[in-house]
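Protein chains: 2
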Amino acid sequence: MALIVEKFGGTSVANPEKIKAVAERVLASRRQGHRMVVVLSAMAGETNRFVALAQEMQALPDPREMDVLLATGEQVTVALFAMAVKEMGFDSVSLLGDQVKIHTDALHTRARITGIDTALIEQHLDQGRVVVVAGFQGVTDQGDITTLGRGGSDTTAVALAAALKADSCEIFTDVEGVYTTDPNICASARKVDRISYDEMLELASLGAKVLDIRSVGIAKRYKVPVQVRSTFTNTEGTWVVEEDKDMETNPVSGVTYSKNEARITVSKVPDIPGTAARFFDPISKEGIVVDMIIQNTRDGQLTDMTFTVPRADYKRAMSILEKTAAEIGAEGVNGSENITKVSIVGVGMRNHPGIATTMFKVLAGEGINILMISTSEIKVSCVIEEKYTELAVRALHHAFGLDGAPQAEG
Amino acid sequence: MALIVEKFGGTSVANPEKIKAVAERVLASRRQGHRMVVVLSAMAGETNRFVALAQEMQALPDPREMDVLLATGEQVTVALFAMAVKEMGFDSVSLLGDQVKIHTDALHTRARITGIDTALIEQHLDQGRVVVVAGFQGVTDQGDITTLGRGGSDTTAVALAAALKADSCEIFTDVEGVYTTDPNICASARKVDRISYDEMLELASLGAKVLDIRSVGIAKRYKVPVQVRSTFTNTEGTWVVEEDKDMETNPVSGVTYSKNEARITVSKVPDIPGTAARFFDPISKEGIVVDMIIQNTRDGQLTDMTFTVPRADYKRAMSILEKTAAEIGAEGVNGSENITKVSIVGVGMRNHPGIATTMFKVLAGEGINILMISTSEIKVSCVIEEKYTELAVRALHHAFGLDGAPQAEG
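Residue numbers (our numbering), protein chains in the order written: chain E, 1 to 410; chain H, 1001 to 1410.
Source of the hints: derived by calculation from the structure; they are not laboratory data. Since this is a predicted model, take the numbers as computed values, not measurements. Certain hints may be false.
[To be verified] SDA-like mimics (lysine to any residue), calculated; alpha carbons at most 25 Å apart, straight line:
hint, chain 1, residue 1, chain 2, residue 2
1, H, Lys1101, E, Thr140
2, E, Lys209, E, Trp239
3, E, Lys20, H, Lys1101
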C-alpha cells in the first residue's frame, strides 16, 4: 500500500460538482488501500476576488492581512472536500497550514516552507482517513498565517510528499502533462512521458506554467517522483524523476518561451569596481529578480550593462535605475517590454556538442535577430523581439526533431 | 483612557463601503485615545452561502468541517477591516479565534467558550494597535476550529470584554437599542435607555433578537456594561447594566413574543415515578430543549403532559415522542405549531403584586384564550393561538403604560 499525495488546482475544484468529481477520483485510489493525502487550491477565481476586495480597502494591501484573507480560499475547499469524501462513505479530515503545521518564514504573500510536522497527518492516516490539506498556506513561529505565493499549492504538495516520504506526488492540472512545447502555438507539440528534475527546473523557470519551480526544487532535493497529469482524463501524465540514460538520447527535450520578461540597458556606466553591486542592490532590495546580465565594455572606462527583469517589475525597476544611474554618473537607462526569451532544454545537450550553434542558425534562417544569449549546462536561451515568438518556437521544435502527430494524445 | 470592545454584526460589514464606514466609526473612539478591540461577524449572507455549499456536498454536513468552512466568513471581514484601519493611518492587526486563543469545548457549530487568553491582544493594544478579532469562532484543546452558533459574535464580544476587564462592550446592530416591544407590530414601542441583565436575559430567551442570550449571561456574571446601539446613527442606545432602584418604578419593562415555539401534549401517561425522565431523556439526548412543562393529573393513575419545544425541532420531537409514548403505554401524542408565547418582563414586578392577574385580564378582555402559563420572578408568559399575537402584544403594551409617541426616537 502506497502513500500518495495528490494535488488539485483551482480549476479542478472550481465548484461543488467538480469537488465531488475530484473526491471520486481520490477515492478510486483510496479503495485500492492507498494512504491518501490531498492538497487543494482555492476555487478558481477566488484569489482574484480577494485581491480586488483587498484593494478596495487599502491601496497597497497589508501583506500580513492579505495572507489572512487569501488563506480562506483553501480553507473553504478543504472543508467542502472532506464533507464530500464523508458523504461517499470514507472518513476524512481537513487540515489547515497552521494545524498541520507547515512552518514558514515571515515573508508574507511569498513565504518559504522551513519545515513540516507530519505527526498529525500520520495519526489521521493511521485511522484510515483521507487527509485534506489546504495548499498555499503555512504559519510563522509567531502563529501568523502566511501564503506561499503563486504556485504555492504545488510546493505544499511536493514538500508534504517529501516530509511524509510519500511514494509519489501527483499534480493534477488542466493539461495532460509536460509538452515538448506550448501546444497552443505549436500543433505538433507532444506530451513527454518522463523528464528529469533538472530539465523541469529549467522549463519551470523559463515560463512553462505546468509546475511551480520551487516544488521541482524540493522534488529534486528529496527525490520525490512527481507526476503531472490531467484532472479530467485518466491518461498517464508526465513523470518528473531522476535523470537516467534514456533521457540523454535526444539532445533537446523541449522548447519553451517566456513573455514575462523585459530588457533594460544602462549605458556608459563608469567601469570601476563595485558599480554592478551599486546597481543591483537597490533593485534586489525591492524584491525584483534580475535574470540575464550582459556587460559590454566600451573602452577602458565605460561599460554598458544589459539585463532582464520580470515584465511586471519593469516600470518599478526603471524608476529605481534612473535614480541610481544619475547617482553614479551613467549616461542613461532604456529598455523594452516587447521581448521574448526562447529556450531549448535537454540533459542530452551535455553529450551533443554544437546544440547552441544549431539554435542560432535556425533563428538566423528565419531572419530572427538575437538580442541576448544565456546558457547553462542543459539550456540555451535567446532573447528575441516578441513578434517572432511563435515563428521561433515552431522552427526550433521542428529543427530538434520534437514534432509529433498534430494534437497527439498520450 | 478606556478599553472598549465594539462588536459589529453582518449587516454592518456587508460590503467594502460599510466596512470602511465602521472603521471610521471605530477610529473616532481610537482618536480619543481609547484602547479599541473590534469584534466582527461575517458579511451578511455569507453564512447562508456556506450552508448551501455544504449541503451540496453532504446531506448532513459534518459539524467539524462545517466549522472550518463557516469560520472563513469572519476571517475575511477581520482581514479587510484591519486593512481599512491601516489605510486610515492607524496600526491594526486581525486575530482569529485560534490565534487569540478563544478556548471552547468541542461541540462543533454550537461550542461554548471555556476561556480566553488575553496576553496577545494586550500586547497588540500596548503597541497602539486596533485589535480586530474574528467573532463567532474558537478553538478546541486539540486545535480544531469551532463556531459558537447563532449570535456567537455577541458572545465573543462580551466574553472578550469580561476577560480583558474592558470598561464597556458596545454591540452595534441595525436597530437603535432594546425596545419596549417589537416596533414592527406596535407603533408605540419605545427605546429603553437602561435595562437590567436579568430583564435582558428574559427578553433574549423569549425571542427578542437584539442580543444573544449567552452574551447577556456572561455580561451579568462578569458585570460587563453592554450598550446595544445602531451602526447607522450616533444615537445613544440601550445600556444593559446591573439592576438599580430606578428600574423598579415600572412593573413591566417590556412585552415580547416568540413564534419559535410549538406545543406538544402526551395524553394519558401512566403516572408512575420516573415517567417524566423517560419522556424527556430521549428528546434532550437529541439536543432538543424543552421549555414550559405542565402536568395535569387526570386521576390517580393517568396524567397529561404538555410542553413546548422550538418549532424547528417540532417534527423531530413528535417522532421521538410517538415512539416513547408507545413504549410506556401512553394514549397518544398531539401538538400544534400555530402558537405564540407572549410575555411581560420587568424587575419591578417583584414589588407590584397582581401583575400576572392584570395580564390575564387584558388578554381575556380581547377574547384571547390562554393555552399555557409560566412565570418567573420577573416574567409572566402566556401561550396563545398564533393569530392573536399582534393583538395581544399591543393590548399588553398599552395596559402596562409602555406606549410612547408613535415611532419615537431616543
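We went through each hint and held it up to the structure:
{"no.": "1", "hint": "H:Lys1101 - E:Thr140", "result": "16 Å, holds"}
{"no.": "2", "hint": "E:Lys209 - E:Trp239", "result": "16 Å, holds"}
{"no.": "3", "hint": "E:Lys20 - H:Lys1101", "result": "34 Å, violated"}
Consistency note: the structure conflicts with earlier hint 3 alone.
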